[in-house]
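Novice: One line per chain: the protein sequences are Y and S, in this order.
With numbering that gives the first Met the number 0 applied, the first sequence corresponds to residues 0 to 265, in that order.
With numbering that gives the first Met the number 0 applied, the second sequence corresponds to residues 0 to 417, in that order.
Since the hints were made in silico from the structure, they are not lab data.
Hints are not guaranteed to be accurate.
[Stated by the list, open to error] Among chain Y residues calculated to face chain S with C-beta under 7 Å, some are:
hint, residue
1, Asp-55
2, Leu-58
3, Val-62
4, Gln-64
5, Phe-100
6, Pro-102
7, Gln-105
8, Leu-108
9, Pro-126
10, Ala-132
11, Thr-155
12, Met-177
13, Val-179
[As the list claims (entries may be wrong)] Using 25 Å as the maximum straight-line C-alpha spacing, the simulated DMTMM-like pairs for lysine to aspartate or glutamate come out as follows:
hint, chain 1, residue 1, chain 2, residue 2
14, S, Lys-299, Y, Asp-114
15, S, Lys-369, S, Glu-70
16, S, Lys-299, Y, Asp-8
Just so it is clear, CB atoms sit at the ideal spot from N, CA and C, and this is done for glycine as well.
Chain residues, written in single-letter form:
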Amino acid sequence: MSALTDRLDACRAEGRAALVGYLPVGYPDVDSSIRAMVAMVEAGADIVEIGPPYSDPVLDGSVIQLAVAHALERGVRMADTFKAVRAVADAGAVPVVMSYFNPMLQHGLDQFAADVVEAGGAGVITPDLTPDAGEDWVAAARAHDLDTIFLVAPSTTRERMHLTAQASRGFVYATPLMGVTGERAAVGGAGERVVSEAREAGAVNVCVGVGVSTGAHAAQIAAYADGVIVGTALVRCLADNDDIEAGLDALRLKVAELAAGVRGNA
Amino acid sequence: MTEGPSAASSLQSAPGPFFGEFGGRFVPEALIAALDELTDVYDKARVDPSFEAELIRLARDYTGRPSIVTEVPRFAQHAGGARIFLKREDLNHTGSHKINNVLGQALLTKRIGKTRVIAETGAGQHGVATATAAALMDLECVIYMGEEDTERQALNVARMRLLGAEVVPVTTGTRTLRDAINEAFRDWVANVETTNYVFGTAAGPHPFPAMVRDFQRVISVEAREQMLSLGGLPHAVLACVGGGSNAIGSFDAFLDDANVRLIGCEAAGDGVETDRHAATLTGGRPGVLHGSRSYILQDKEGQTMPSHSISAGLDYPGVGPEHAWLADIGRAEYWPVTDADAMEAFRLLSRTEGILPAIESSHALAGAIKLGKELGSEATILVTLSGRGDKDVEQAARWFDMLPSEGTADAAATGGVE
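Looking at chain Y on its own, in the form it has when it is part of the complex (with noise of 0.2 Å):
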């Protein structure tokens, strides 16, 4: 079985859910993302998705925009991410990555996918490609061993829900609601359903993602899915803050928060 298999089905032993953190790579610059990462691991993140920046990511809110349009501008480069991806290993956490797709494609895919198992990497999630468009990128994670991460929404047919189970190692990125990553009020929406339809169509682990911020919303999530996925929140600690140690500060308390979230005890 795979790194991400292995933690989730810890997690699930010890009754409760994992927390997965999102951060993207050189926000505010790559020593302190880097470093920012490791702090989530220590204060309580299972799985870190580790995000290579992108020019045009359709499926990211406005505060991860802003961060990686400010990575982008510093200059991350691929190479900064498998750097990430190695650090988040060492500090004990499952590290996968998360990316969009033409970057993933001009690193050439079977390349990635070896840097990424070299770096340390457990899987790949990949928020503008399915499994049906993505065959080629399937195929070179295979030869790699690389778990394969694919979405599902609550629009997603039971045909595709099937289909998106089957193409999917390690776990299921399920949202529970239409729309792109940030904080939202509520976190209700669709999740509960989407998540038992991938378990139908054969989903061993489903983790729930978008629209994640507080310790209560990760409780409620943590009921129903075997992981839960912050990314915006997160990122809004280091954006919010100037100055990097209290990013860092501000960071720990949020993970902490949200790692008792997922324990029940929001």
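Model the placement of chain S on the given structure of chain Y, informed by the hints.
Specialist: Using the frame of chain Y, we list chain S on its own:
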């Protein structure tokens, strides 16, 4: 149905999703259901006589089709004496070819039962056309437009608002067409239950490249008949290419006429040797952007590069996948045309024929001048005049230093590059 040789060997009306290795559908899962629904409704509509009849009625009674073909002999004197004909899409209601596509997609929106349309716009032509169709068909309308373009095309922003549309300036990224498309996709993901995305060009995920081409195909279907009645097929057809909708619409009915050269004119900005251009097929590499695989202006790591053109409508770092395919198989040629050459063609057509062309279309006119000089007086050249220049008056006046006072400083900065 289709003219030309047998369907088996025909290049016309290729159905997608792939054109050779280009095209496809690279989008978030959340959009797949909407794209499937749109594909399904379109596939049914295209074979439904009542849909075709409604489109034909609107084209005739609303758009003003067929658009005429105008020979421009005084202009042609500056193009080696070749015979040059203009397909006058500039005379359509709303002033460009964009209305052809928008009426089709607005009708589809009604068929799907959605009540809101969104669209991106660069120069504002597609936004104006979409706002127009939305007013006509009682649809709520939101137009995304890069902030830089809202400044370059302030008059079109006012036109859209007068038509009842909401115009949202997009302040992210390069603040141009590409960012407007990103923002429209974000809106669509969030509002897909009520909203249809009226995509403006023959790019994006399937079914847009094939569907937009089908709605623009009327340009070449009419023009081919008009040229035949004027004495024969042209030696070449030219059109400007940003995303490439007027060009693919101008090419399609000629694709099987092997002796007709098809030439797309891309915006070369300051020149393709500089980093300030939008000539994607000349200077780009294959990749995935905005939902399909095609040529893209991008760096080594796959980050989209900023494009530049004096023409907001061509200022786009991607291009429709069918053009990438036609370039690959050698059926069409793509020529880079600089800002300076396009503006010279703009000046020439205005002064010799009394027709103010859109700056976008002026790129195709510049291509015709070059081709006419190569081919000489025996040649017959058809140019699609995709839009009129009314929206560009201020920008052109600044370029030629014709503004009275406050424009003078700007003119010195942007004018006379060559």
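Novice: Each hint needs a verdict: does it hold in this structure or not?
Specialist: How the hints compare with the structure:
{"no.": "1", "hint": "Asp-55", "in the structure": "holds (5 Å)"}
{"no.": "2", "hint": "Leu-58", "in the structure": "holds (5 Å)"}
{"no.": "3", "hint": "Val-62", "in the structure": "violated (12 Å)"}
{"no.": "4", "hint": "Gln-64", "in the structure": "holds (6 Å)"}
{"no.": "5", "hint": "Phe-100", "in the structure": "holds (5 Å)"}
{"no.": "6", "hint": "Pro-102", "in the structure": "holds (4 Å)"}
{"no.": "7", "hint": "Gln-105", "in the structure": "holds (3 Å)"}
{"no.": "8", "hint": "Leu-108", "in the structure": "violated (12 Å)"}
{"no.": "9", "hint": "Pro-126", "in the structure": "holds (6 Å)"}
{"no.": "10", "hint": "Ala-132", "in the structure": "holds (5 Å)"}
{"no.": "11", "hint": "Thr-155", "in the structure": "holds (6 Å)"}
{"no.": "12", "hint": "Met-177", "in the structure": "holds (6 Å)"}
{"no.": "13", "hint": "Val-179", "in the structure": "holds (5 Å)"}
{"no.": "14", "hint": "S:Lys-299 / Y:Asp-114", "in the structure": "holds (17 Å)"}
{"no.": "15", "hint": "S:Lys-369 / S:Glu-70", "in the structure": "holds (17 Å)"}
{"no.": "16", "hint": "S:Lys-299 / Y:Asp-8", "in the structure": "violated (39 Å)"}
Against the hints set out earlier in the document, violations occur for numbers 3, 8, 16.
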